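> In case you want the letters, here they are:
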Amino acid sequence: MARIGVFICHCGENIARTVDVVSVTEVARTWPGVVYAEDYRFCCSDPGQSIIRDAIKEHNLTGLVISACSPKMHEKTFRNLAKASGMNPYLCECSNIREQCSWVHHDKEVGTEKAIDLVRMMVEKVRMNHPLEPIEAPVTKRVLVVGAGIAGIQASLDLAEAGLEVVLVERNPSIGGHMAQLSETFPTLDCSMCILSPKMSAVKEHPDIKLLTYSEVEKVEGFIGNYTVSIRKKPRYVIEDLCVGCNECVTHCVFKKPKFPDEFNEGLGKRKPVYIPFPQATPQGAFIDPETCLQLTTGKCKQTCVTACPKDCIDFEMVEEIEEVEVGAIILATGFGTYKPELLPQYGYGKLDNVYTSLQMERMLSSSGPTEGEILLKDGTAPKTVGIIHCAGSRDENANIWCSKVCCMYSLKLAHLIQEFSEAQVFNFYIDIRAAGKGYEEFYLKVIEENVMVLRGRPALIEYEEQGNNGKGNLLVHTEDTISGTKLVVPVDMVVLSLGFEPDKDAVQLAKTFNISRSPEGFFMERHVKLAPVATTTDGVYIVGGCQGPKDIPETVAQASAAAASVLGILSKDKLIREPTVARVNELNCIGCFQCEKVCPYSAIEHKEIRDHDGNLIREVALVNDSLCHGCGPCAAICPSKCIDVDGITEEQIYSQLAVL
Amino acid sequence: MLGVMVDVSDAETTSTANATFRELSTLQSFAKKLLESGTVKMVIGYSQGYTSDRAMPAFITDPEKASSLIFDKRCFHNLTMYLKTAEIKCAGKIAIVVKGCDAKALNVLLLENQIKRENLVILGLVCIGVGDPTLEKCRICNVNTPPIYDELFGKPVPNKEWTSATFTRVKELEGKSQKELWEFWVNEFNRCIKCYACREVCPICTCTRCITDKNQPQWVPTSPHSMGNFHWNLTRAFHLAGRCIGCDECERSCPADIPLSLVNWKLIKQVFEKYGFIAGMSPDDLPPMSTYVEGEEEEFIK
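Quick mapping for you: the protein sequence lines, in order, are chains A and B.
Going by our numbering, the first residue of the first sequence is number 1, and it counts up by one from there.
Going by our numbering, the first residue of the second sequence is number 662, and it counts up by one from there.
Because the hints were derived from the structure by calculation, they are not lab data.
Careful: at least some of the hints might be erroneous.
As the list claims (entries may be wrong) - Okay, derived cross-link-like pairs now, BS3-like style, lysine-lysine, Cα gap no bigger than 25 angstroms in a straight line: (1) A:K642 x B:K855; (2) A:K598 x B:K777; (3) A:K608 x A:K598; (4) A:K598 x B:K855.
Computed from a predicted model, the values in this text were never measured in an experiment.
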């Protein structure tokens with residue numbers, strides 16, 4: 001016979017205001033199997049917990065119903081309490097009479113009636129609860145980090161320093177990401193590469209970090225603690241370990257002059273098919289682009305690079321390889337994209353000369369960039385006036401609705417740098433200046449003092465001053481000064497579009513590969529926006545940096561270290577403990593149609609072969625992998641003969657819950 | 662072997678008989694060879710029934726009896742339902758005679774892992790309609806040539822495209838108001854005696870333990886009262902959504918003459934209009950009711 005204890009929480013006034021907790025308790029006392037019922041102001045408080053603990057012991061309870069807030073909030077608290085009081089924790093359940101009752105009702109009579117139903121249903125469920133034991137799973141103490149920008153680099157270094165093996169995968173020929181492209185960084189104006197490149201070489205040199213550049217993750221199988229990842233290593237056509245980056249192959253390429261747009265310089269410079277992406281590239285070696293190399297596209301080339309190479313490291317026979325690695329956790333640091341300026345026809349990018357993107361301006365300002373730090377117009381002269389348009393593609397219902405958070409600060413930084421390195425007068429066209437961060441407002445004020453003009457208003461149009469003059473002449477920025485309420489036309493020589501963050505072009509595919517969700521705007525979605533900002537709904541998969549949403553370098557680095565700490569928390573244990581609320585298949589009745597396999601979001605359904613004594617296959621049935629199963633239930637719902645049940649919430653329990661209504 | 666067709670271009674054809682004499686003898690001798698060579702242990706086909714107006718299923722294991730195979734307008738049964746029986750399941754490799762509509766069931770069974778392709782020789786018949794008068798399903802048939810077969814008997818007829826207009830019979834229901842529909846179905850389902858003939862005859866009702874037979878908990882009431890009848894008939898319909906191949910055998914076998922195919926075809930139509938999917942056209946198509954495709958409409962989530 002069940003001996004169930006029921007505790008009705010007032011949650012201060014949160015529940016008691018719209019639910020008559022005393023009468024709910026009185027009604028509960030009359031139900032069969034309920035041997036003890038009590039109401040208390042705060043069940044989760046220390047005195048509340050000790051009342052429950054005493055009741056468990058005194059009344060020798062076999063089941064516990066806590067009617068309070070959402071189980072998401074305190075289920076763990078009360079189950080731990082049950083465990084500490086000598087009861088199997090899975091005999092304790094929370095019925096939610098706050099979020100699902102008192103908070104959504106105003107009428108106390110209605111609220112009380114509903115609360116009684118909710119508590120009654122949970123009593124029926126607990127009556128059929130069975131003690132469950134946690135499931136143990138093994139752990140592989142190795143971590144996959146995807147993307148080697150500052151986020152991936154920081155996470156890898158933290159993990160490797162803590163003694164874990166790291167496999168760091170980067171899709172580009174060199175690590176470094178967006179940060180490697182930046183000139184100086186706000187608000188302290190340290191040179192981006194000066195602070196990044198030591199970390200890049202530390203990654204390369206670290207004995208516990210295996211760096212796979214020009215590689216992509218193909219497939220992910222398994223579960224937290226036990227992932228198997230297939231990585232596609234694309235051929236560089238240059239043997240990475242031999243190349244010392246002497247540049248001889250580049251010098252002797254059959255293309256005498258660089259001909260192809262340089263990706264690292266955002267198309268501002270040109271490169272050859274064989275090239276070193278940038279001076280500090282890591283690994284430092286050369287790389288051959290298969291899309292532009294004459295030998296690789298046509299098969300007909302004198303291969304002057306091969307003869308020029310003093311170390312025989314060019315190999316056109318190199319082929320793609322698939323490498324499989326076993327890891328226990330995954331950190332995604334796959335970065336972001338920037339808004340496509342072509343989608344803002346009013347600003348004329350690609351049509352008007354001297355309209356640049358913010359990343360192009362970063363490259364122009366970089367001492368290793370295409371102009372070696374000089375700010376030049378297309379005709380090679382220096383601009384006298386430069387306009388910087390904030391929020392290009394951001395905070396705009398016709399483009400991206402969100403604020404990209406860093407554009408205000410980098411636009412002010414660009415303004416400062418342009419005025420410092422040239423004679424030009426800079427105009428910043430902004431909607432609001434968002435300078436929230438340590439030292440950010442101070443930086444803004446400092447830039448204002450430097451006589452940078454700031455005009456509040458989103459420019460409507462950019463056009464040439466003299467129409468039809470073959471692109472000669474100044475640019476006119478049509479805008480409004482919303483502070484004085486006047487329309488303005490500002491002539492400038494150069495325009496910089498401060499583009500916002502967007503989800504990376506591969507985000508859809510990556511989300512599928514790693515089985516994680518995306519927020520409505522397309523960035524990867526965290527498990528909880530406030531309380532689990534780097535975790536995802538897939539256990540053991542973490543997201544850091546720009547792939548999760550717009551953020552600056554300090555925030556990215558903080559996230560990277562946070563994820564590393566979370567991973568360390570998991571992989572420091574020898575066994576993983578999992579919730580035992582998993583699905584079970586009744587093998588006798590399973591007909592092996594495997595519709596459950598199709599609907600399982602965690603790939604937890606396996607095939608089990610049933611054989612006779614002679615080893616002949618009789619039939620195949622579904623089998624649940626405990627380590628993968630989350631107990632979410634679609635398998636149980638779709639099973640046509642209802643032979644799948646989820647431990648802790650069985651069909652019989654659901655039925656009896658409905659039956660008491 | 663797949664796709665090999667018997668050349669019957671010069672054989673005589675009539676509009677009433679399906680297989681000509683020549684095609685039938687080809688089928689019989691092919692079946693005989695299969696049995697003689699030991700390729701298959703059994704051929705499931707049609708033979709003369711106990712009365713002259715009837716055909717009946719034949720389970721032929723003796724090569725000499727292959728000549729008893731027939732095919733004409735009396736052969737409306739969907740023989741694929743026997744594939745779910747325990748006896749056939751353990752019989753090893755077998756050959757089965759199928760019309761276009763029956764063959765669709767094979768694709769569903771393959772998709773749902775209920776039969777093994779290597780254990781099956783599919784003898785496809787080109788069928789231009791069975792029954793006298795011609796059955797409703799034959800009048801709207803879009804699969805005169807089976808979508809899957811190993812050996813085809815008869816000159817292939819190009820299959821028509823599926824469109825919303827294919828589902829003629831559902832139209833009479835769609836004109837009714839909600840109240841009229843309710844009354845119509847209460848009236849029809851009231852006659853149900855819960856004999857489960859519809860379930861037994863259905864080739865894709867493959868569960869060995871049906872949900873109706875589950876009594877812990879008892880989701881579907883066992884008694885043939887209104888509620889119990891609705892429970893059963895609607896559960897059956899939902900379990901067939903996106904799976905029913907429209908062979909109408911449930912309706913044919915219903916002793917209470919409940920127009921079950923109306924329910925089935927309404928669902929077939931809805932699945933077709935929503936997902937462009939017709940069950941059984943290929944063993945590789947993703948079943949829409951258990952597949953999520955990114956970008957799919959989710960207007961039911963409010």
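> Tell me, which hint numbers fail for this structure?
4
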